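Just so you know, the sequences run in chain order A and B.
Residues 1 to 139 (UniProt numbering) make up the first sequence, in order.
Residues 1 to 139 (UniProt numbering) make up the second sequence, in order.
Keep in mind that the hints were calculated from the coordinates and are not lab data.
Incorrect hints may appear among the rest.
Put simply, identical chains are the same to the list, so a pair is met inside one copy or across any two.
SDA-like cross-link-like pairs, simulated, lysine to any residue; straight-line CA separation at most 20 Å [what the hints assert, rightly or not]: (1) 107 to 6; (2) 89 to 116; (3) 106 to 21; (4) 106 to 6; (5) 94 to 64; (6) 51 to 32; (7) 106 to 117; (8) 107 to 17; (9) 89 to 53; (10) 89 to 52; (11) 107 to 7; (12) 51 to 7.
Quick caveat: nothing in here was measured; it's all calculated off a predicted structure.
Protein chains: 2
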Amino acid sequence: MTNNQALGKHILMEAYDCEYDVLDDLRGIQSAMIEAAERTGATVVDVAFRKFEPYGVSGVVIISESHLAIHTWPEFGYAAIDLFTCGDKADPWKAFEYLSNYFKPKKITTMEIRRGSLVTTDNKNYVSIDSIRESVKGE
Amino acid sequence: MTNNQALGKHILMEAYDCEYDVLDDLRGIQSAMIEAAERTGATVVDVAFRKFEPYGVSGVVIISESHLAIHTWPEFGYAAIDLFTCGDKADPWKAFEYLSNYFKPKKITTMEIRRGSLVTTDNKNYVSIDSIRESVKGE
Numbered sequence: 001m002t003n004n005q006a007l008g009k010h011i012l013m014e015a016y017d018c019e020y021d022v023l024d025d026l027r028g029i030q031s032a033m034i035e036a037a038e039r040t041g042a043t044v045v046d047v048a049f050r051k052f053e054p055y056g057v058s059g060v061v062i063i064s065e066s067h068l069a070i071h072t073w074p075e076f077g078y079a080a081i082d083l084f085t086c087g088d089k090a091d092p093w094k095a096f097e098y099l100s101n102y103f104k105p106k107k108i109t110t111m112e113i114r115r116g117s118l119v120t121t122d123n124k125n126y127v128s129i130d131s132i133r134e135s136v137k138g139e
Numbered sequence: 001m002t003n004n005q006a007l008g009k010h011i012l013m014e015a016y017d018c019e020y021d022v023l024d025d026l027r028g029i030q031s032a033m034i035e036a037a038e039r040t041g042a043t044v045v046d047v048a049f050r051k052f053e054p055y056g057v058s059g060v061v062i063i064s065e066s067h068l069a070i071h072t073w074p075e076f077g078y079a080a081i082d083l084f085t086c087g088d089k090a091d092p093w094k095a096f097e098y099l100s101n102y103f104k105p106k107k108i109t110t111m112e113i114r115r116g117s118l119v120t121t122d123n124k125n126y127v128s129i130d131s132i133r134e135s136v137k138g139e
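For reference, chain A alone in the conformation it holds in the complex:
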């Protein structure tokens, strides 16, 4: 039984030096984000995208396994992308791969954060998610 389990995986993706036109294209970005969500193996349940004036696009794809979000700053060639999935099935790195090819940033940094680590923090009495799930089932 491992103690590093978490409910979700959240990739924070910083895409630098992208093309202006790609970052300002509402329809293209919306399609790419939906495709990226589907590639993780997730089920898309809602979509909300906006174009800002004079430039910039924001949007979120809510999936039954959390969400994907993007905010673009075409004037800086930059996009902040969040790829957050939960469950064992969905793999946010598949969305990362797809979006890296779509946006073609010259520089990318990423950080993967485990969300919802259901362990106690007293360094004595670790509780794994599995044991919590078992206790929930047993109720």
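On the provided structure of chain A, position chain B as indicated by the hints.
The following block gives chain B in isolation, referenced to the frame of chain A:
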């Protein structure tokens, strides 16, 4: 001129040991997230919330200064909350304060991440956002 400037501030908030009913209340959560967004000083531009069966709520508030998102696991007493704002005006910690009072988690962990640090990474030639903004204005 400082080099630690960034386009956005992103707080990842982990709310543990919340009440089941609060975490499973779609309307209450949607209202609280909109109120939290407004307290940051941001402008709400779109809202998408979903209730899952048998339990759980997901939702996003898109603001003109990025987004707030939440996913709840009532069965674990846990909510993953993202408070992402950009610009100098909006303060995501005001949303944090409001939501802490709303969800009353017995344990909270947070991480604040600067998104879109527009500096070069060669350790030689740092470029601040201000200087980039100036060059954009000058075009």
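Original post:
Taking 20 Å as the upper bound on the Cα-Cα distance, should residue 106 and residue 6 be classified as within, between, both, or neither?
Top reply: Between copies, since 19 Å is at most 20 Å while 32 Å is not.
**OP:** First find the shortest C-alpha distance between residue 89 and residue 53 inside one copy, then the shortest across copies, and answer within, between, both or neither for a cut-off of 20 Å.
**Re:** For residue 89 and residue 53, only the inter-copy Cα distance (18 Å) is at most 20 Å; the intra-copy one is 38 Å.
**OP:** Have a look at residue 107 and residue 7 and pick one of within, between, both or neither, based on CA distance no larger than 20 Å.
**Re:** Answer is between: at 16 Å across copies they meet the 20 Å cutoff, but 29 Å inside does not.
Original post:
For the identical chains here, do residue 51 and residue 32 meet the 20 Å Cα criterion within one copy, between copies, both, or neither?
Top reply: Answer is within: at 15 Å inside a copy they meet the 20 Å cutoff, but 25 Å across does not.
Original post:
Checking residue 51 and residue 7: alpha-carbon separation at most 20 Å within a copy, between copies, both or neither?
Top reply: between (32 Å within a copy, 18 Å between copies)
Subject >> Copy assignment of residue 107 with residue 6, given that the CA separation must stay at most 20 Å >> reply: Answer is between: at 16 Å across copies they meet the 20 Å cutoff, but 29 Å inside does not.
Original post:
Between copies, within a copy, both or neither: which fits residue 107 and residue 17 at Cα up to 20 Å?
Top reply: within (6 Å within a copy, 39 Å between copies)
**OP:** Classify it for me, residue 94 with residue 64: is the Cα-Cα distance of at most 20 Å met within a copy, between copies, both or neither?
**Re:** Within one copy only: 16 Å inside, 28 Å across.
Original post:
Between residue 106 and residue 21, at a C-alpha cutoff of 20 Å, which is it: within one copy, between copies, both, or neither?
Top reply: Answer is within; shortest intra-copy Cα gap is 15 Å, inter-copy 46 Å.
Original post:
From the Cα coordinates, with 20 Å as the cut-off, is the pair residue 89 and residue 116 best called within, between, both, or neither?
Top reply: within (17 Å within a copy, 30 Å between copies)
**OP:** If the cutoff is 20 Å on CA atoms, where do residue 106 and residue 117 land: within, between, both or neither? Let me know, please.
**Re:** between (33 Å within a copy, 15 Å between copies)
**OP:** Go through the copies and call it for residue 89 and residue 52: within, between, both or neither, with a Cα cutoff of 20 Å.
**Re:** Intra 34 Å, inter 17 Å, cutoff 20 Å: inter-copy only.
The structure agrees with every numbered hint stated previously.
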